[in-house]
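K.L.:
Once you've looked at the hints, dock chain B against the given chain A.
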Amino acid sequence: GAGVSQSPSNKVTEKGKDVELRCDPISGHTALYWYRQSLGQGLEFLIYFQGNSAPDKSGLPSDRFSAERTGGSVSTLTIQRTQQEDSAVYLCASSLVSTVRDEQFFGPGTRLTVL
Amino acid sequence: QKEVEQDPGPLSVPEGAIVSLNCTYSNSAFQYFMWYRQYSRKGPELLMYTYSSGNKEDGRFTAQVDKSSKYISLFIRDSQPSDSATYLCATSNRDDKIIFGKGTRLHILP
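Residue numbers (the working numbering), protein chains in the order written: chain A, 553 to 667; chain B, 188 to 297.
Since the hints were derived computationally from the structure, they do not count as laboratory data.
Virtual Cβ for every residue (Gly too), placed ideally from N, Cα, C.
There's no promise every hint is true.
As the list claims (entries may be wrong) - Cross-link-like lysine-lysine pairs, in silico, DSS-like; alpha carbons within 25 Å at most:
1) B:Lys284 with B:Lys243
2) A:Lys609 with B:Lys243
3) A:Lys609 with B:Lys284
4) B:Lys229 with B:Lys284
5) A:Lys609 with A:Lys567
6) B:Lys229 with A:Lys563
As the list claims (entries may be wrong) - Here are the in silico distance ranges between beta carbons for each label pair:
7) A:Glu566 with B:Ser256: 45 to 55 Å
8) B:Glu202 with A:Gly592: 39 to 49 Å
9) B:Glu244 with A:Ser610: 33 to 43 Å
10) A:Ser559 with B:Ser256: 38 to 48 Å
11) A:Thr622 with B:Lys189: 28 to 38 Å
12) A:Ser590 with B:Leu233: 16 to 26 Å
13) A:Ser605 with B:Lys229: 35 to 45 Å
14) A:Arg663 with B:Leu233: 21 to 31 Å
15) B:Ser213 with A:Ser590: 17 to 27 Å
Claimed, not checked - Heads up, incomplete: computed chain A residues facing chain B, CB under 8 Å, no partners named:
16) Gly568
17) Asp570
18) Val571
19) Gly592
20) Gln593
21) Gly594
22) Leu595
23) Phe597
24) Pro613
25) Phe658
26) Pro660
Chain A extracted, bound-state conformation (with noise of 0.2 Å):
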């Protein structure tokens, strides 16, 4: 079956402008997860969305980051006015529950290059 897709594959944009990172989760997980992975650095977590509760936003760094869940499925990590320090890959990953106990099932990624 299909696993986790992300959309653009690489995003290169100019500092300043807005852009929107896209995932589409394993049918039928409820939990969905964002990370960032900068050069040298692990996974970090930025958010996460289970089922219709409200998200865990604790890991977004400032507030020109914001993400969306549409029908449970579908989310769409947003960046505004992009800065060269969010230059990463941006992961998404989604499990059946979120309890650690449920293997997270990541996708391939998005690059982001802000020049």
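P.N.:
Chain B only, in chain A's frame:
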């Protein structure tokens, strides 16, 4: 102090050697321990999962947790070139949020 510390490498070993990858963590409340493998330009994939202390074996891979020293290890026996990847340790003390190490880049030399 970072919650999870991991040497980024790179670590280069000859094919067939035993590989030892390690992490330390700071929070004694962590109960869940994982190893993820990430190939270049791909997302991480779960390799091993253990709960609390002890060993877990899966084929050529053995995960070991020593809670007394807050030390996590992954051993790879009979290493293969296809094992070349970045290995991330991860841990959690809750049911939802996982904390990852920075990852160790491993190269298996044919």
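K.L.:
For every hint, state whether the structure bears it out.
P.N.:
Going through the hints against the structure:
1. A C-alpha spacing of about 22 Å is found between B:Lys284 and B:Lys243, which places the hinted pair at or below 25 Å, so the restraint holds.
2. In summary, the hint linking A:Lys609 to B:Lys243 is not supported, as the alpha carbons are separated by about 34 Å, beyond the 25 Å threshold.
3. At roughly 12 Å between alpha-carbon atoms, A:Lys609 and B:Lys284 fall within 25 Å of each other, so this suggested pair holds.
4. With a C-alpha separation of about 21 Å, the suggested pairing of B:Lys229 with B:Lys284 holds against the 25 Å cut-off.
5. Between the alpha carbons of A:Lys609 and A:Lys567 the distance comes to roughly 24 Å, so the proposed pair stays at or under 25 Å and holds.
6. Annotation: proposed proximity of B:Lys229 to A:Lys563 holds, straight-line Cα distance about 16 Å (limit 25 Å).
7. One distance hint, 45 to 55 Å for the beta-carbon pair A:Glu566 and B:Ser256, holds here, with the actual separation near 48 Å.
8. Under the hint 39 to 49 Å, the C-beta atoms of B:Glu202 and A:Gly592, about 27 Å apart, miss the expected range.
9. Distance hint check for B:Glu244 and A:Ser610: the Cβ-Cβ separation is about 35 Å, which falls inside the suggested range of 33 to 43 Å.
10. With their beta carbons about 43 Å apart, A:Ser559 and B:Ser256 fall inside the hinted range of 38 to 48 Å.
11. Against the hinted window of 28 to 38 Å, the Cβ-Cβ separation of A:Thr622 and B:Lys189 comes to about 35 Å, which satisfies the hint.
12. A C-beta distance of roughly 22 Å is found between A:Ser590 and B:Leu233, which places it inside the suggested range of 16 to 26 Å.
13. As the Cβ distance of A:Ser605 to B:Lys229 is approximately 30 Å, the hint placing it in 35 to 45 Å is violated.
14. Remark: the range hint 21 to 31 Å for A:Arg663 to B:Leu233 is upheld by a beta-carbon distance near 22 Å.
15. Hint check: B:Ser213 to A:Ser590, Cβ distance near 21 Å, so the stated range 17 to 27 Å holds.
16. The interface hint given for A:Gly568 is broken, as the beta carbon of that residue sits about 28 Å from the closest beta carbon of chain B, more than 8 Å.
17. Using the Cβ-Cβ criterion of 8 Å, the hint placing A:Asp570 at the interface with chain B is not satisfied: the shortest such distance is roughly 24 Å.
18. Nearest Cβ of chain B to the Cβ of A:Val571: about 19 Å, over the 8 Å cut. The hint is violated.
19. Interface restraint check: A:Gly592 against chain B, minimum CB-CB distance 6 Å, threshold 8 Å, status holds.
20. Given hint, A:Gln593 at the interface with chain B, holds; its Cβ is 6 Å from that chain's nearest Cβ, closer than 8 Å.
21. With a least beta-carbon distance of about 4 Å to chain B, the hint placing A:Gly594 at the interface is held under the 8 Å criterion.
22. Against a cut-off of 8 Å between C-beta atoms, the interface hint on A:Leu595 holds, since the closest Cβ of chain B lies about 4 Å away.
23. Interface hint at A:Phe597: satisfied, since its Cβ lies 6 Å from the closest Cβ of chain B, which is below the 8 Å cut-off.
24. Interface restraint check for A:Pro613: the shortest CB-CB distance to chain B comes to about 16 Å, outside 8 Å, so the restraint is violated.
25. Proximity of A:Phe658 to chain B holds as hinted, the smallest CB-CB distance being about 3 Å (cut-off 8 Å).
26. About 5 Å separates the beta-carbon of A:Pro660 from the nearest beta-carbon of chain B, less than 8 Å, and the hint is met.
Of the numbered hints stated above, those contradicted by the structure are hints 2, 8, 13, 16, 17, 18 and 24, listed in ascending order.
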